[in-house]
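Number of protein chains: 4
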Amino acid sequence: MAKKPLRVGMIGYGFMGRAHSNAYKQVGQFFPSNHEVVLQAACARNADEVKKFADQWGYASTETDWRKLIERKDIDVIDICTPNNMHKEIAIAAAAAGKAILCEKPLAMNVPEGREMVAAVEKAGVPNMVWYNYRRIPAVTLAKKLIDEGRLGKIFHYRAKFLQDWTIKSDLPQGGQGLWRLDAAAAGSGVSGDLLAHCIDTSIWLNGRLDSVCAMTETFVKERMHTLTGKVEKVSIDDACTFMGRYENGSLANFESTRYARGHKALYTFEINGEDMSLFWDLHDLHRLQIFDYKVEGKLRGWSSIHVTDNGGDHPYMKNWWVPGLAIGYDSSFTHQVADFIQGLESGTPQGPTFKDALETQCVLDAILDSAKGQKWVDVAKA
Amino acid sequence: MAKKPLRVGMIGYGFMGRAHSNAYKQVGQFFPSNHEVVLQAACARNADEVKKFADQWGYASTETDWRKLIERKDIDVIDICTPNNMHKEIAIAAAAAGKAILCEKPLAMNVPEGREMVAAVEKAGVPNMVWYNYRRIPAVTLAKKLIDEGRLGKIFHYRAKFLQDWTIKSDLPQGGQGLWRLDAAAAGSGVSGDLLAHCIDTSIWLNGRLDSVCAMTETFVKERMHTLTGKVEKVSIDDACTFMGRYENGSLANFESTRYARGHKALYTFEINGEDMSLFWDLHDLHRLQIFDYKVEGKLRGWSSIHVTDNGGDHPYMKNWWVPGLAIGYDSSFTHQVADFIQGLESGTPQGPTFKDALETQCVLDAILDSAKGQKWVDVAKA
Amino acid sequence: MAKKPLRVGMIGYGFMGRAHSNAYKQVGQFFPSNHEVVLQAACARNADEVKKFADQWGYASTETDWRKLIERKDIDVIDICTPNNMHKEIAIAAAAAGKAILCEKPLAMNVPEGREMVAAVEKAGVPNMVWYNYRRIPAVTLAKKLIDEGRLGKIFHYRAKFLQDWTIKSDLPQGGQGLWRLDAAAAGSGVSGDLLAHCIDTSIWLNGRLDSVCAMTETFVKERMHTLTGKVEKVSIDDACTFMGRYENGSLANFESTRYARGHKALYTFEINGEDMSLFWDLHDLHRLQIFDYKVEGKLRGWSSIHVTDNGGDHPYMKNWWVPGLAIGYDSSFTHQVADFIQGLESGTPQGPTFKDALETQCVLDAILDSAKGQKWVDVAKA
Amino acid sequence: MAKKPLRVGMIGYGFMGRAHSNAYKQVGQFFPSNHEVVLQAACARNADEVKKFADQWGYASTETDWRKLIERKDIDVIDICTPNNMHKEIAIAAAAAGKAILCEKPLAMNVPEGREMVAAVEKAGVPNMVWYNYRRIPAVTLAKKLIDEGRLGKIFHYRAKFLQDWTIKSDLPQGGQGLWRLDAAAAGSGVSGDLLAHCIDTSIWLNGRLDSVCAMTETFVKERMHTLTGKVEKVSIDDACTFMGRYENGSLANFESTRYARGHKALYTFEINGEDMSLFWDLHDLHRLQIFDYKVEGKLRGWSSIHVTDNGGDHPYMKNWWVPGLAIGYDSSFTHQVADFIQGLESGTPQGPTFKDALETQCVLDAILDSAKGQKWVDVAKA
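Chains as they are written, first to last, in the working numbering: chain Z, 1 to 383; chain V, 1001 to 1383; chain E, 2001 to 2383; chain L, 3001 to 3383.
Don't take every hint at face value.
Straight-line C-alpha distance at most 35 Å; calculated DSBU-like pairs for lysine-lysine [to be verified]:
1) K231/Z x K1295/V
2) K1319/V x K3234/L
3) K52/Z x K2025/E
4) K3265/L x K3382/L
5) K3154/L x K2234/E
Everything labelled a hint here was simulated from the structure, so no lab data went into it.
Bear in mind that the values here come from a model prediction, so they are computed numbers and not experimental data.
Just need the whole structure built from these sequences, with the hints factored in.
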């Protein structure tokens, strides 16, 4: 049986453009379905750069104007890998053109933008998803499974951190290619939108709605050279953000993110303490889930490190990869997301995180920034 | 040369009474000095129990009234191991009687009490110390040494947690022997005074003064049987407490404590992120200090786990114990504290934490509880 | 500039057929060169199965007779992923046909076969390589780099283990698809050729020639149903093999492999103790290299865990992948091997392990089996 | 009720003299019994040194001739902490004098000496024990308990190592105070008797009799200055020793010890792989036992790290110490051994390891050295 093509139009060619492209190329071999992903077109303003990217990754054509890409009839899916300040406009146009949309995170610059985007995809009825890829690290998916099975009992605490150290150097500039994450005009915020957004998405998925938050932010380096203006300019992003909060289910939140934690590169960790079981995960050793199971006999109780690589059916996604003991990498989370997106298309049951799901995270992000500014507790708006 | 006796009068015989007594007995063998600790008298209201304790530990006599103990001429040091609500009265009386005082932590029920106690020992001019024993775990002392040598550079973050799980069971009663820590009338507060107090003391020692804090507390189990009244009564302690804060040196604080973190027994951890070095310590593996040293050559950089057991002079206190690789236990921290207390007596330079030092921690504790109650940021009072 | 095609003819479609195919598809995107790998033909006896495999992975054609594949003019490289008892015949024929050859490990069933294979590729002058892929896990490559830089000083000990637990079940059959590794007729040996071969290859690469060995083997389950004959037959493979040895450089070897170590899936570890530095690596956490550097200042010395994911140039292969902190998987080692194979073709300097290199490992394997059988020390033959 | 005195005569005042003395002083407080240990006399050739030791530790008297000590009527127990070459003579004399004997390990210089010693204590009917203290680290005792409960099923592998790095420096002298372990005349052997002896004792206790062994030894530094002769002399001890073996129960042994493993101070580890459960322990983190329990549900299986500090009855010895999460040190193993020795006296059931038990270890040691010398497999003699 011939497979149905799924023709991708990719906007952007940076780190995420590469990660998504690798997933599009891998998915058919590891997660075969009735669809065949076709790398139809890559789009970016710089013609030379996008041509080079397209050649390397096998995109059949290029565009330099995203509006033209969206108009093309031979494109089924638009993948938005631009800086955050472009998400809204592109997504709304793509929805209007009837394209399915895969958008990088965070969904938008703020909640109002996010609401417009959700309205657009819902009105157009197009499939939509946001690249909160960590949900699909097998160890994280296993955590979700254990929670859904009720193994944790009542949950008391949810703790998450995302620690990096790459901006400690004060002579690192802000803005432009590769550095737009330091420029609030392009990124919307600093670690909140870049890093905490991941932690919040996972947390809502695992532990439900956050009701209220109280946050503190700090910008350690106050001014940096701006690569686009050539001038030293004020830094407007948050270099670090810590917040406390309360979940609808009565549990307590403690979240922290920074780019000034010397020694940590991408230390995204979460820990959940339930009455009957606790869970811990760490992106630096992403193939492991640690659990403490109180139901185990007293003298044998301890923190157990599960090497989530079993291909016998016990561990999510792993039967499609290698044999037990052999770890897959960070990149596989994107392959899983594409596989699930296709599975959603085929089954008619959309797989999350949808734009609507991502709007919930956006509501928390806005509440955090509002709280930090006002030095007060803030209720999280409903999505 | 005959040694000078240091005659101890111990008030209380619980967990801390035992830990201190073990230290008094060990100190002469491992840290010889010109003083000889003499277990002169043990004091508690229950005559049978205190007799049993005194026999087991070798105290020469017993008392059932702490006022009588303080009046005795043959006592040089009063060790206060009672519930917190007795600290002030005993300490002030002991100071008035000219006794040296070793007081369990937290210093007092609140800042006003603490101020009275500081005034009393300063007026009397008696040696005084508070049992914040974790300063003297060799790995923690090594952390202090590295900070004092300026190895961390500018400090950005200080993170501490103290997690336990022993009160999850809702049918655990409150109050009375062994359970007074669940009764606010005896303990003053819950995890704040019991656990966070340790974290705050270490943090002030390592990172300096906390300027302002914003806290959240929770009491998960609202009512418990009270062993003294026999009735189900409201629980007034904090079961969990999280706070954010800002240090005088510009770094950010993230602290958390709870007795509802399933799988953790006494997981006191701290992490400090400096520009040039980061440090991490964990009470569950108390003989290790983890460091990340940015000054190491690029390709060799990693988190290094120092087994703090070297007896060649590199590791604090360890030359007095065994040989490299052989860990000492939790109990040794008390032995070190007694050794340093005596060293302070002999050198004339008091060793901390003094009552005054402990008052600083009390000021943070009061600010936290005030903040949690008012849901607002609170400035920490000066000690 | 048009790239030069490198047309692959793959023989076999099992676990390794998939792993290699993934590498062929990935290499052009992550390690661009002047060559383009083309999946030209897949070959296996079962026409339906090979067709299914070819469709899934994008091979342009199929064959059911490996001799026909070798005769095809449109094939540049033969990849041998068959059971071990087919390696020799195929490799010699492929060499005679002037094909480059990538052969799965171990090279052969025994040393005499290996010698014939080496002679064949050397006579034909064809590029040749053996899939000892662990050399190209970035953490292992970093270990090689540190040794080559002379950082370890005199080496005293080399210790390696490869522990699994998948054959403990006594009702697991032997022989046939997926189970040929339990059948000595197809595999040559048990854990020696399957697992220790990897350990030995890495060890020779890192620490040089092994002079003499003394081994012990055991077959815990003596009989198993044979899937090809349908009868219970004697098990002739080694289930476990331990050996001691002496290296040419004066260091001591301790190697062990088993499929009866409950709890270990693919725990390949090695540790090297040198006068100035020790190294440790573990396949279960393959992205980490642990080092102890004696040249570090005394009080800071510890075992350091390097997260080998730096993309700034410090860590081998990693600048071609993601950003620091994001781990790549087991599969990437094959991608690296293809990249290096191509680099060898382009530079004219063959990249190891060549057939000749792999023959050295074969000499150790034969010596081990000989030693275990004779219960004596055996000198390792020169390759 | 008055306690029965147990008057100790200690011979030696080095590292072990201190460790035992600490245990004698602690045992009454932590493990009360009907006996009271009395530090009656310390004995060593150097009158000044032994006086200093006696004063520091509270021994009531001193002797400079061990024969006089043994003749004293006011001594109940002789504790032998001399170099190994004195064990036999002292033990036989002490037995003849009717003293109970606690002897440091290894029991003797060789099997014939050991047999004489066993005969002497058995003829005299005196209580006897050897200080293989690691049996009584709570995590190790827990391992024994799990094995005795049959939790491991059939055992396939026993692996042990004891790695140090303190003799790498070639200018370290041999012989004399603190360095007699490098002198074969005083120690009998090197790492075999010093370190492997511990591993073998634990292994026989946990896994039963070793039938046959095949060993390799090495002396890396061939000559060292001898502190007693002042001359450079040949080094006769084994710096490193590796051996393979077979147990009576069909499992395989892999043991290794060295003083040339840079980065390891006292890394005594053992791992046992059984059909249903595997166990791992490590002296550097002595308060933890790691287990893999195959009976746990598939997706939850992992290596679990048990923090062996529970005081509720689950963990051996721990109800006598502190509260969960608070680790005890290396020194506590001696306290436990004294407690059990007394319990053996009171119950009439001698607690091991007795001299007879230690002779079994001696038989393995002799077989190892014999095997290494002859480069052959050697059967282990029956004790």
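Task: Agreement of K52/Z and K2025/E with the hint, judged by alpha carbon distance not exceeding 35 Å - done: 18 Å, holds
Open item on the list: For a C-alpha distance cap of 35 Å, please report whether K1319/V and K3234/L respect it.
Closed with: 31 Å, holds
Open item on the list: Given the hinted pair K3265/L and K3382/L, is their Cα-Cα distance within 35 Å?
Closed with: Given that 35 Å is the threshold and the Cα spacing comes to 33 Å, the pair holds.
TODO: Assess, step by step, whether the Cα of K231/Z is no farther than 35 Å from the Cα of K1295/V, and give holds or violated.
DONE: 31 Å, holds
TODO: Please work out if K3154/L and K2234/E have their alpha carbons no farther apart than 35 Å.
DONE: Given pair K3154/L, K2234/E holds - Cα atoms ~21 Å apart, limit 35 Å.
Hint compliance for this structure: every hint is met.
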